[in-house]
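Number of protein chains: 2
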Amino acid sequence: MDLKEFIQMQYMKPDEIIKLQEKRLRKIIRFAYDNAKLYHDKLKSVNLKPEDIKKVEDLRKIPFSSKEDIVKDPFGAVGDKKNLYKLHTTSGTSGKGETIVYFTYNDWEHYAIQNARCLNSAGFTKDDIVYNATPYGMFFAGQVLHDGAKVLGAFIIPASTLKTGWAHINNIKNPFFKPTAFVGLPQYLLRWGHTYIAAGGEPSKSTLKKAYVLGEPVPPTVREKIEQMWGLDCRIGYGLSEIGASAECDEKNGYHWCEDEVIVEVIDPKTGEPVEEDEKGELVYTTLTKTGTLAIRYKSGDESAILGRDCPCGRTHAKLRLIETRLDDLMKVKGTLVSPYTIEHAMFAHDIKGFLCVIDKEKDSDVIRIYVKAKESNTLQNQLISEIKTTASFSPTFIKFIKDLPQIGRKGKRVVDLRKESPLNKLVYEFEDSVSK
Amino acid sequence: MDLKEFIQMQYMKPDEIIKLQEKRLRKIIRFAYDNAKLYHDKLKSVNLKPEDIKKVEDLRKIPFSSKEDIVKDPFGAVGDKKNLYKLHTTSGTSGKGETIVYFTYNDWEHYAIQNARCLNSAGFTKDDIVYNATPYGMFFAGQVLHDGAKVLGAFIIPASTLKTGWAHINNIKNPFFKPTAFVGLPQYLLRWGHTYIAAGGEPSKSTLKKAYVLGEPVPPTVREKIEQMWGLDCRIGYGLSEIGASAECDEKNGYHWCEDEVIVEVIDPKTGEPVEEDEKGELVYTTLTKTGTLAIRYKSGDESAILGRDCPCGRTHAKLRLIETRLDDLMKVKGTLVSPYTIEHAMFAHDIKGFLCVIDKEKDSDVIRIYVKAKESNTLQNQLISEIKTTASFSPTFIKFIKDLPQIGRKGKRVVDLRKESPLNKLVYEFEDSVSK
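Same order as they appear, the protein sequences are chains A and B.
Each residue of the first sequence is one higher than the one before, starting from 1 at the first, in this note's numbering.
Each residue of the second sequence is one higher than the one before, starting from 438 at the first, in this note's numbering.
These are computed hints drawn from the structure, not numbers from a lab.
Here the structure is a predicted model, which is why all the values come from computation and not from measurement.
By construction, the Cβ of each residue, glycine as well, lies at the ideal position given by its N, Cα and C atoms.
Some clues are possibly wrong.
For lysine to aspartate or glutamate, the following DMTMM-like pairs were computed, each having C-alpha atoms within a straight-line distance of at most 25 Å [said to hold, decoys possible]: (1) B:Lys610 to A:Glu98; (2) A:Lys126 to B:Asp517; (3) A:Lys205 to A:Glu227.
Quick look at which bits of chain A chain B covers, simulated, 3 or more residues with Cβ under 8 Å [unchecked claim]: (4) 78-86; (5) 138-145; (6) 158-165.
Let the hints inform the model, and build the full structure from the sequences given.
If you want it as structure tokens, here you go:
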């Protein structure tokens with residue numbers, strides 16, 4: 001496994017990329033048809049034979065697949081059942097249940113290389129000391145980034161999750177650790193930074209110089225806060241356990257997808273028809289090298305656009321616009337569709353340490369209660385209300401300044417819609433009870 | 438890396454093993470002297486040159502090293518500083534502070550193979566579905582067993598730590614998981630078993646058929662409970678991040694140490710002199726293949742004995758008597774030295790679901806308060822008192838039957854000595870307060 005060769009592939013000429021994709025596509029469709037019940041049945045249902053799929057465009061003949069298909073029968077999406085190495089699961093918080101993703105040894109090697117390419121794209125080198133704060137275990141991110149950093153040749157501190165933010169801050173300050181590069185959720189850096197500053201620390205003087213953040217959409221205001229607070233260069237990554245990963249390059253305006261590994265389509269989620277380049281739609285993936293859990297025309301629920309193959313960094317693999325919205329997360333509030341991303345962007349444009357926005361229904365009307373971790377201030381309150389009105393088109397029912405915020409779920413949701421049932425709602429009820437006392 | 442070859446080495450003739458050890462010993466002592474400050478200084482302090490160490494017996498000329506040395510200067514024990522891959526830490530609960538252990542890529546490969554040999558010795562095969570409940574992250578066990586199972590060719594469910602025992606029970610029951618082999622702390626299986634049975638479940642009907650447990654000494658009564666409860670074959674393992682790992686074979690009466698990787702000596706901890714074969718003493722290790730953090734005559738604090746190279750399983754690598762005592766854990770209670778192991782063995786000989794034994798001082802006298810998770814019963818109370826008296830030579834101040842026990846520390850201590858300061862004591866105080874209310 002030579003990382004250099006794989007990195008070089010990101011600079012292939014576009015027609016070479018397409019040629020390679022089509023070669024792999026023909027092979028994988030044949031393989032899927034012969035081995036994976038889910039895709040065999042999908043092709044059969046529209047009377048397709050593997051040999052009908054020759055070009056990237058031919059993919060459109062195949063019906064979509066989705067998380068629901070895999071939740072129903074995880075093994076139905078698996079091709080090579082004999083060489084499986086392990087499984088990972090996604091959290092079932094979207095309400096659709098847990099997705100089980102199976103990996104062969106070969107799949108995992110591809111994932112590790114993909115992540116090494118991502119880290120390389122994000123500016124990490126073999127000389128970095130990588131502080132990996134993504135969770136190791138059932139969720140794939142910790143291990144896949146660990147193995148990616150290993151392929152890159154970097155030194156790794158496998159922090160994973162720890163009991164408190166202070167345990168992490170102490171690790172970052174540890175004179176025997178001296179991490180130069182962070183990997184994990186963006187909000188970890190935000191939260192630890194505030195905690196550290198409150199205790200008189202100066203995160204900007206830490207040894208960290210780079211961050212590769214992922215796991216949730218990152219509004220520009222959040223990126224700016226992190227960069228300023230820690231004095232580092234923050235790149236955004238994006239990955240799905242079912243599909244793979246992609247990362248920003250120096251340009252910081254989109255992820256370079258590994259086109260030799262995955263074909264990405266962008267469709268209108270209502271009609272299922274492809275949209276134009278640069279136009280937003282739902283991302284649909286077809287994996288080309290995996291033989292464990294396969295994804296053929298797999299609807300991701302993520303909204304983005306393809307930005308073309310012209311990047312000043314020299315990479316020719318198509319860039320995806322940074323993810324702002326997971327379609328599942330869109331909420332209708334007072335008649336308008338909003339995404340948590342928009343609300344977060346508006347809130348973090350101001351000097352706040354965190355917030356929780358609760359959408360609820362009272363007497364058949366939508367109400368929006370916002371709790372803000374910041375010093376109480378009328379000016380700030382007015383700024384926040386006006387900003388939310390402008391960017392998210394609704395007025396909050398109230399804004400309350402508070403000292404501490406609860407952590408809602410592993411990723412720490414900041415916008416919670418109580419109108420939808422979720423096991424996480426209980427935490428919000430308890431928090432609101434405690435605040436109103 | 439051919440696992441078969443490494444497994445075959447465990448069947449070498451004893452004189453071949455010693456020849457190999459001495460060849461590696463000469464090389465590693467030279468390497469340590471030239472590259473690792475700690476060991477250079479130790480040899481210098483007694484005017485030793487690397488060429489003075491030719492035979493295993495020559496090791497005795499070298500002063501001991503210990504955890505304290507590495508805590509003081511973690512980098513001083515590192516040889517190859519250029520090819521480091523990662524670090525792991527041990528918990529600092531012994532009061533001596535956190536040990537940082539550095540690994541090169543090559544070190545880790547050796548560790549993975551060592552663990553594959555351990556799993557093989559414990560009866561695991563490539564056909565197993567391994568449920569790995571050891572924590573991944575800063576602590577090395579999760580990752581090292583994961584990579585060991587990978588080398589073995591098994592399928593892995595990387596469970597790591599989860600929020601609740603039920604999350605694990607549900608994984609074990611998950612019809613898409615079907616684990617056949619468990620790896621983790623023995624008390625996990627005990628605890629989950631009781632929880633599952635209390636809810637009407639039958640752990641003995643689970644798909645688990647094997648367990649490889651480690652992380653704490655395992656009294657025979659605990660092993661029996663686990664085997665009976667889950668209907669499986671339970672093997673005990675033993676490992677130190679600084680040194681490596683070893684496991685029981687079919688004989689279930691000692692760990693086969695990887696003698697090609699590590700030389701083990703057994704010494705009288707008071708005099709530092711070697712003891713006879715079969716005689717108990719402190720284990721002292723010298724690693725032969727690691728080039729990251731080296732261990733040269735490293736005092737482990739673990740008490741055991743070497744049982745010779747004659748094992749019906751055919752392996753010729755010396756067997757170590759199962760660890761019963763960490764010398765650090767020995768406590769003087771009412772004038773008698775006891776180990777937590779002895780207390781656990783006595784308690785679990787009875788029908789209890791768990792216990793917490795608290796050693797404390799009141800008015801200059803030792804007191805022993807025991808909280809037992811079991812149905813209140815005078816008969817059981819008398820049995821437990823008599824058993825403790827016989828095996829641990831003291832009488833508990835009281836035994837109280839309770840419904841729920843607190844988890845004390847990551848490994849869940851069952852014997853806590855409040856006379857020694859520890860951050861874990863707070864949990865015990867809180868628990869005892871809540872019980873006395």
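*Within 25 Å, alpha carbon to alpha carbon, are Lys126 of chain A and Asp517 of chain B?*
16 Å, holds
*asked:* Hinted pair, alpha-carbon criterion (25 Å max): Lys205 of chain A, Glu227 of chain A. Please report holds or violated.
replied: Holds, at about 12 Å.
*Within the assertion that chain B covers the region 78-86 of chain A, do at least three residues meet a Cβ-to-Cβ distance smaller than 8 Å?*
holds (count 3)
*If you look at each residue in the region 138-145 of chain A, do at least three have a Cβ nearer than 8 Å to any Cβ of chain B?*
holds (count 3)
*Verify the proposed pairing of Lys610 of chain B with Glu98 of chain A, using a straight-line Cα cut of 25 Å.*
Distance ~15 Å between Lys610 of chain B and Glu98 of chain A Cα, so the pair holds.
*Has the region 158-165 of chain A got at least three residues whose CB is nearer than 8 Å to a CB belonging to chain B?*
holds (count 5)
The structure shown violates none of the earlier numbered hints.
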